[in-house]
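Okay, here's what each chain looks like letter by letter:
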Amino acid sequence: MRIRSQSDFWCGLLFVAIGATVLVAAGQYRLGTAARMGPAYFPTLLGGLLLFLGLTLTIPALFKDGEKFPRLHWRPLAMVLLSIAAFGVTLEYLGFAIAVAVLVVIGGLADPDLRPIEAAGLAVFLVLFSIGIFVGLLGLPLNLWPSF
Amino acid sequence: MDIVANLALGFGVAVSLKNLLYCFFGVFLGTLIGVLPGIGPVATVAMLLPLTFNLDPAAAMIMLAGIYYGAQYGGSTTAILVNIPGESSSVITTLDGYQMARQGRAGPALGIAAIGSFVAGSVATLVVALFSPPLAEIALKFQPADYFSLMVFGLVGAVVLARGSLRKAIAMVVLGLMLGLIGFDVNSGVIRFTFGIPALAEGISFVALAMGMFGIAEVITNLEQRGKNREVFTSALGSVLPSRDDLRRSSWSIVRGTVLGSVLGILPGGGALLASFAAYTIEKKIAKAPRNFGDGDIRGVAAPESANNAGAQTSFIPMLTLGVPSNPTMALMIGALMIQGIQPGPQVMSQRPELFWGIVASMWIGNLFLLALNLPMIGLWVRLLRVPYRLLFPAILVFCCIGVFTINNNASDLFQLVVFSGLGYLLIKLGCEPAPLILGLVLGPMMEEYLRRALLISLGDPIVLVTSPLSLAFLLAAAALLASIAVPLIRTKREEALKE
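From first to last, the protein sequence lines stand for chains A and B. So for the first sequence, this note's numbering puts the first residue at 1428; every next one is plus one. So for the second sequence, this note's numbering puts the first residue at 5; every next one is plus one.
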């Protein structure tokens, strides 16, 4: 069978999957009754509703023409997400200064137009600038340097 | 007169040197970040939220309100000079504002936007002061069932205004409600739906979610459109003071925009976006020479700019009196209040009058700063706009990451940021607006609690939702809203109005 509206189909399927996951996960908590709602009661209602809404997107998508699956740009997506994750990891072990530099350098790869020299300059500038603002001015308790 | 005494109390709080300073910083920083292309008020407020954590509640809210207005105005500046709306509420400003800039009249366009915003802001402050107390009084009588239905109404309002598919918008609300339930359940003491991740026990970090979906996802989308030409009109800025003729032509537009914005801002799902669209449409309808619209007509800047500022301001009314956010920025404000240990709702006004009236008074002061700050400093904002995006986005990334981290000083929040940025990007690509989701996120736990209480009182009979007249009225209003977009005629109108 041909899927006629790719965008709606996959979007609906995503909601169906999330709704189903919630319904399954709700099984391990107490449901209770309407008068005495347990921790699973409201989530079960919502999970069912989301599953239903997902189906109202997915099923018509088989019969009605619609938008194609959108084109995803992997380079900016991957580099930006990677840079944030790298910031989170390095911050704990290598301190704030290095983490900001890592964030700028990896994040900078998201845009091929950014030249290496510019990225390096930006990294130095943003490290100094954010230390000045967040540590100097606001006095946030951040570990600046590696702690070994 | 109560209101005079109340406002006096408010100004007493707001005019203290410390709070004036925070108000000023808020407006300044809000404009600074809001000017950056592609960064709207929601991302700006989320990014700057951590700056307010160490302040007392009044100062924090005053600063946040300043940030919000500043970000709004910054967005308009970008709309006029670069034709890139910082967010949806300044989309309409690009139509005539950018044309004015192309004709070398960027100065008067920016000037009239600031003046219109100030007039609208002053009137809207009065509206907030007049209408909040009676509304809070009514709200104190609300039963749990009424509250539940009010929230349903609010969420339906947000859904109706979201762009694109209705089913997708409802699904986003439901997804948001579910995400809001993750973590510790106060009633049963159970930790739910954390899927074995200990960091989720305290629930989803709503700042990480807002920043991911409104900030980072936006950065990624902007980076895709690389190479797209952005013309910044900076050479012929001219005088920012509009001529006498400009003022004469736009004064009624400002008045109409203000009235419309003040009314629409109160509605759930309303606020700045709806107000600016409606104001522009009306101006175009009643103008003697409507052909000029879209061609650099100053009325096409004055009306929507006044309306979106008035709407931004009166959208505080449901937030402050009912504890129900009408747009994503207000959802962030509620989050900020909760971080300060204050449960938003009608009791805030009676229990913390200095906080409530301080915020109201600072609204007006914030608008004054906005006028005083922006007219002389437009040159600075323009210079910021000349910085190419490839040099700006790493800075945006840095501020977003530091902002998210400093909320709990916890690196795990950064991994939530990664997840929500990716999810936000995918959902936006699939045609799902993130705004309804974030409203759901904030309202999720509250809706569950009110439904639980309502059904506890009625011994489990859901009929209680329609036997209480108020609750019934809210549900009927919600149904009418939904029905209105199901009807084909209004549906096409909605699509037209929400089309960029």
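Calculated directly from the structure, the hints in this document are not laboratory data. Wrong hints could be hidden among the right ones.
Said to hold, decoys possible - Here are the in silico distance ranges between beta carbons for each label pair:
{"#": "1", "chain 1": "B", "residue 1": "GLY16", "chain 2": "A", "residue 2": "ALA1462", "range": "22 to 28 Å"}
{"#": "2", "chain 1": "B", "residue 1": "ASP299", "chain 2": "A", "residue 2": "ASP1540", "range": "50 to 56 Å"}
{"#": "3", "chain 1": "B", "residue 1": "PHE57", "chain 2": "A", "residue 2": "GLY1454", "range": "37 to 43 Å"}
{"#": "4", "chain 1": "A", "residue 1": "ALA1505", "chain 2": "B", "residue 2": "PRO357", "range": "48 to 54 Å"}
{"#": "5", "chain 1": "A", "residue 1": "LEU1564", "chain 2": "B", "residue 2": "ARG248", "range": "41 to 47 Å"}
To be verified - Only some residues are given here: those of chain A computed to face chain B with a beta carbon under 8 Å:
{"#": "6", "residue": "PHE1436"}
{"#": "7", "residue": "LEU1440"}
{"#": "8", "residue": "PHE1469"}
{"#": "9", "residue": "GLU1545"}
{"#": "10", "residue": "LEU1549"}
{"#": "11", "residue": "GLY1563"}
Heads up, the beta-carbon is just placed ideally off N, CA and C, and yes, glycines get one too.
Hints violated by the structure (listed by number, smallest first): 1, 2, 6, 7, 11
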